[in-house]
Amino acid sequence: MTRAHTHPPAPATPQPASVEGRACRTCTLCCRLPDIDALDKPANAWCRHCTAGYGCAIYPERPTLCRDFLCAWMTRPDLEPEWDPLVAKMMVYEQGPQTTVLVDPDHPAVWREAPYAAMLERWATEAEAKGGYVILFVGDAVFKIAPSAR
Numbered sequence: 059m060t061r062a063h064t065h066p067p068a069p070a071t072p073q074p075a076s077v078e079g080r081a082c083r084t085c086t087l088c089c090r091l092p093d094i095d096a097l098d099k100p101a102n103a104w105c106r107h108c109t110a111g112y113g114c115a116i117y118p119e120r121p122t123l124c125r126d127f128l129c130a131w132m133t134r135p136d137l138e139p140e141w142d143p144l145v146a147k148m149m150v151y152e153q154g155p156q157t158t159v160l161v162d163p164d165h166p167a168v169w170r171e172a173p174y175a176a177m178l179e180r181w182a183t184e185a186e187a188k189g190g191y192v193i194l195f196v197g198d199a200v201f202k203i204a205p206s207a208r
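This note's numbering applies: residue 59 is where the sequence shown begins, and numbers increase by one.
Don't take every hint at face value.
[Said to hold, decoys possible] Taking lysine-lysine pairs in the DSSO-like style, the calculated list, with each CA pair at most 27 Å apart, reads:
1) K147 to K99
2) K188 to K99
3) K202 to K188
4) K202 to K99
[Unchecked claim] Label-pair restraints from in silico Cβ distances:
5) P135 to E171: 22 to 32 Å
6) W104 to A207: 37 to 47 Å
7) L144 to A199: 19 to 29 Å
Hint data in this document are derived by calculation from the structure and do not stem from the laboratory. Ideal Cβ positions, reconstructed from N, Cα and C, are used throughout, including at glycine.
Take the sequences, apply the hints, and build the full model.
Structure below.
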């Protein structure tokens, strides 16, 4: 199966502010997990400008796409500490009605474990009620998360 996801486009409206007290720190999953056409970077490969655990070597000149991107951990105050990408081994972002979850291929089963599996189902239930959905990528596999049966 071919990777179908793309890095979220530069938003037409300003990004929400970062949640107070949160920072990327040594997380560089956004430099690895999504494909980034502007940098000719495929999904699950490190950006050639990234030093894993450190950051971007072209930070002042990075593409607008990268400059404008914030993952859900940075923008959603309702996310509990286990959703910090450094802990979860997943990166979440929202794009219109779609919530996208990119799983670190070095930890392919983490999304099936507690507390993540139940939360993903809950998000899918909430999204469906608003006409949205949750899609998850692990390596080359793509999953549409089913709403909880409750």
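We went through each hint and held it up to the structure:
1. K147 to K99: 20 Å, holds
2. K188 to K99: 33 Å, violated
3. K202 to K188: Answer holds: K202 to K188 is near 16 Å, not above 27 Å.
4. K202 to K99: With a Cα-Cα distance of about 24 Å, the restraint between K202 and K99 holds, given a limit of 27 Å.
5. P135 to E171: 22 to 32 Å: 24 Å, holds
6. W104 to A207: 37 to 47 Å: 39 Å, holds
7. L144 to A199: 19 to 29 Å: Distance hint for L144, A199 holds at roughly 23 Å.
In summary, the structure is inconsistent with hint 2 from the numbered list given earlier, while agreeing with all the others.
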